[in-house]
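Chemist: So you can see what is in the structure, the chains are spelled out below.
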Amino acid sequence: MPFSSLIDFLGTFAFAISGIRLASGKQIDWFGAYIIGLVTAIGGGTLRDLLLDVRPFWMLDPNYFIATGWALLATLLFKEQLLRWGNTLFLFDTIGLGLFTIVGITKSLEAGLPFWVCVVMGTITGSLGGVIRDVLLNEVPLLFRKDIYALACVAGGAVYFGCAALQLPKEITESAAAAVVILSRWLAVQFHIHLPQLPPIEQNPGKS
Amino acid sequence: MPFSSLIDFLGTFAFAISGIRLASGKQIDWFGAYIIGLVTAIGGGTLRDLLLDVRPFWMLDPNYFIATGWALLATLLFKEQLLRWGNTLFLFDTIGLGLFTIVGITKSLEAGLPFWVCVVMGTITGSLGGVIRDVLLNEVPLLFRKDIYALACVAGGAVYFGCAALQLPKEITESAAAAVVILSRWLAVQFHIHLPQLPPIEQNPGKS
Amino acid sequence: MPFSSLIDFLGTFAFAISGIRLASGKQIDWFGAYIIGLVTAIGGGTLRDLLLDVRPFWMLDPNYFIATGWALLATLLFKEQLLRWGNTLFLFDTIGLGLFTIVGITKSLEAGLPFWVCVVMGTITGSLGGVIRDVLLNEVPLLFRKDIYALACVAGGAVYFGCAALQLPKEITESAAAAVVILSRWLAVQFHIHLPQLPPIEQNPGKS
Numbered sequence: 001m002p003f004s005s006l007i008d009f010l011g012t013f014a015f016a017i018s019g020i021r022l023a024s025g026k027q028i029d030w031f032g033a034y035i036i037g038l039v040t041a042i043g044g045g046t047l048r049d050l051l052l053d054v055r056p057f058w059m060l061d062p063n064y065f066i067a068t069g070w071a072l073l074a075t076l077l078f079k080e081q082l083l084r085w086g087n088t089l090f091l092f093d094t095i096g097l098g099l100f101t102i103v104g105i106t107k108s109l110e111a112g113l114p115f116w117v118c119v120v121m122g123t124i125t126g127s128l129g130g131v132i133r134d135v136l137l138n139e140v141p142l143l144f145r146k147d148i149y150a151l152a153c154v155a156g157g158a159v160y161f162g163c164a165a166l167q168l169p170k171e172i173t174e175s176a177a178a179a180v181v182i183l184s185r186w187l188a189v190q191f192h193i194h195l196p197q198l199p200p201i202e203q204n205p206g207k208s
Numbered sequence: 001m002p003f004s005s006l007i008d009f010l011g012t013f014a015f016a017i018s019g020i021r022l023a024s025g026k027q028i029d030w031f032g033a034y035i036i037g038l039v040t041a042i043g044g045g046t047l048r049d050l051l052l053d054v055r056p057f058w059m060l061d062p063n064y065f066i067a068t069g070w071a072l073l074a075t076l077l078f079k080e081q082l083l084r085w086g087n088t089l090f091l092f093d094t095i096g097l098g099l100f101t102i103v104g105i106t107k108s109l110e111a112g113l114p115f116w117v118c119v120v121m122g123t124i125t126g127s128l129g130g131v132i133r134d135v136l137l138n139e140v141p142l143l144f145r146k147d148i149y150a151l152a153c154v155a156g157g158a159v160y161f162g163c164a165a166l167q168l169p170k171e172i173t174e175s176a177a178a179a180v181v182i183l184s185r186w187l188a189v190q191f192h193i194h195l196p197q198l199p200p201i202e203q204n205p206g207k208s
Numbered sequence: 001m002p003f004s005s006l007i008d009f010l011g012t013f014a015f016a017i018s019g020i021r022l023a024s025g026k027q028i029d030w031f032g033a034y035i036i037g038l039v040t041a042i043g044g045g046t047l048r049d050l051l052l053d054v055r056p057f058w059m060l061d062p063n064y065f066i067a068t069g070w071a072l073l074a075t076l077l078f079k080e081q082l083l084r085w086g087n088t089l090f091l092f093d094t095i096g097l098g099l100f101t102i103v104g105i106t107k108s109l110e111a112g113l114p115f116w117v118c119v120v121m122g123t124i125t126g127s128l129g130g131v132i133r134d135v136l137l138n139e140v141p142l143l144f145r146k147d148i149y150a151l152a153c154v155a156g157g158a159v160y161f162g163c164a165a166l167q168l169p170k171e172i173t174e175s176a177a178a179a180v181v182i183l184s185r186w187l188a189v190q191f192h193i194h195l196p197q198l199p200p201i202e203q204n205p206g207k208s
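Residue numbers (the numbering used here), protein chains in the order written: chain A, 1 to 208; chain B, 1 to 208; chain C, 1 to 208.
Watch out, some of these pointers could steer you wrong.
You can't tell identical chains apart in this list, so a pair holds if it fits in one copy or across any two.
DSBU-like mimics (lysine-lysine), calculated; alpha carbons at most 35 angstroms apart, straight line [as the list claims (entries may be wrong)]: (1) K146 with K170; (2) K146 with K107; (3) K79 with K26; (4) K170 with K79; (5) K26 with K146.
None of these hints come from the bench; they were simulated from the model.
All chains should be modelled from the sequences, with the hints used to inform the complete structure.
Modeler: Next up, the structure:
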């Protein structure tokens, strides 16, 4: 774990809140909301660990389940205030994205994978939870539609391996990469920076 | 296998029927219906085995594919009668839920996992198939919306470890836990017991 | 690898194009389109490798990511021409289906699995990418609704084991099986051959 478990807890909490909030108003009950929050927080790391063929991280530490419980409780108790706390939650969420990306890269490096696979695994760790959340809520994943999200993970991964190529110390490499993830996402949201969208293309009805 | 394979067959049959019925009337062809029935029946155990890093159970026994074939045949031949058989199918389905949950717990215990992970794995075994079914049919999973379903698995898991802590014999522990899953689900449906739903929460447009 | 990597590249390219085209006009940005194209191309083989408990094939070869990049570029540059190229792309896609199915069968045989599991794994390898694509795009998978697609993989798998039972040489077995996949799919599309659809069945509201 390259960062303190406090940041890990806050990232999980913020990811879970983002799942629970999107579940609200969709006739989903408390337990369903808990599961959606949980899957948002741990879905990416779970696929990463399956792909790496290691024991899923959450089997070794119940704190991910506990943080999601706190997220549900906070959402139920303070739903009036959540909008006001939007920026704080966005901060946690973005820090969580940076952290999860670096954890994904580090675990993949330890498994002996080449650098480009590590960047993919960092991106999966940071992004997939939100994709599963949107699929469960029956929406086209936000990730594909707007904001710089997965691309921020890719940028952070590139910086990680740039720093590693320069033989910078591990702490600096990890901090710089996380900072790039966090800053890319933050700047993209602040300044409404989007990638261009794919224009409509005529479809060939014979394909499936 | 803690129960007879007849119960296993009936549970698979009932899970597959629930998938095939929900697929009906959605312009899905026979083979598509077969696949949806199959995934409903084996989806949960497949993720469990991936997470446990053991060979997926259905690779060792073609009966799950055969039971799904019988389910498709029964649905096609007796579609008029299916509604009348609703209670029998619900009974199979609920017994299957209890059985699958216990199988999930037992396999996870054998893998040396702590008790709370075993409860999670039992719940995944019993519930995930229905979630995949609903995602494939492009609906918000029923599991999140109504009825006590996954929560019945959690309750059964708690009873399992309660009995185990009292050092009751394996047979009694497993039977009691399965009975609690089946009874919780049965009572919830009979008496329309639901968890409260998550109220609408104002969304912060900056999050994705 | 039973076929040349050129065919592998073309199959990946065609699968990726089918993902990117279906993503067009849905307010999906370039990076989202890239990911959907990638998942369409590698999703089936990834689940196969997870089920077989081997390292996912794309971790060993960046060409799958590169072919998807070319597919995105081609889609953006030549979107006017794509419809006219429909038959060529359909040819690649169908050849890719045949190839991916055989790769799935061969890898599963090497893992020591019984023949019917190998047919299932070949079908997963060829078909699952398109299912994930449709789930991400929030549609009921085309696979379940029309055309002979997964069934062509099953037919090819049956021919594979028929040839193997006759002790035909490996090259002939693989070519015959791939040809059957390709021909079944091609003929089904040319002559609008469909399986019957599942009729509507009255639903029992108590089930979830």
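Chemist: Hint by hint, say whether it matches the structure.
Modeler: Hints versus structure:
In this homomeric assembly, K146 and K170 come within 35 angstroms of each other (Cα to Cα) only inside a single copy, at 32 angstroms, whereas the closest approach across copies is 48 angstroms. In this homomeric assembly, K146 and K107 come within 35 angstroms of each other (Cα to Cα) only inside a single copy, at 28 angstroms, whereas the closest approach across copies is 38 angstroms. Taking identical chains as interchangeable, the C-alpha atoms of K79 and K26 lie at most 35 angstroms apart whether they share a chain (15 angstroms) or sit on different chains (32 angstroms). Proximity of K170 and K79 under a CA criterion of 35 angstroms is satisfied in neither setting, with 40 angstroms inside one chain copy and 45 angstroms between copies.
Taking CA atoms no more than 35 angstroms apart as the test, K26 paired with K146 passes in both settings, with 22 angstroms inside one copy and 12 angstroms between copies.
Violated hint for the displayed structure: number 4, the only one.
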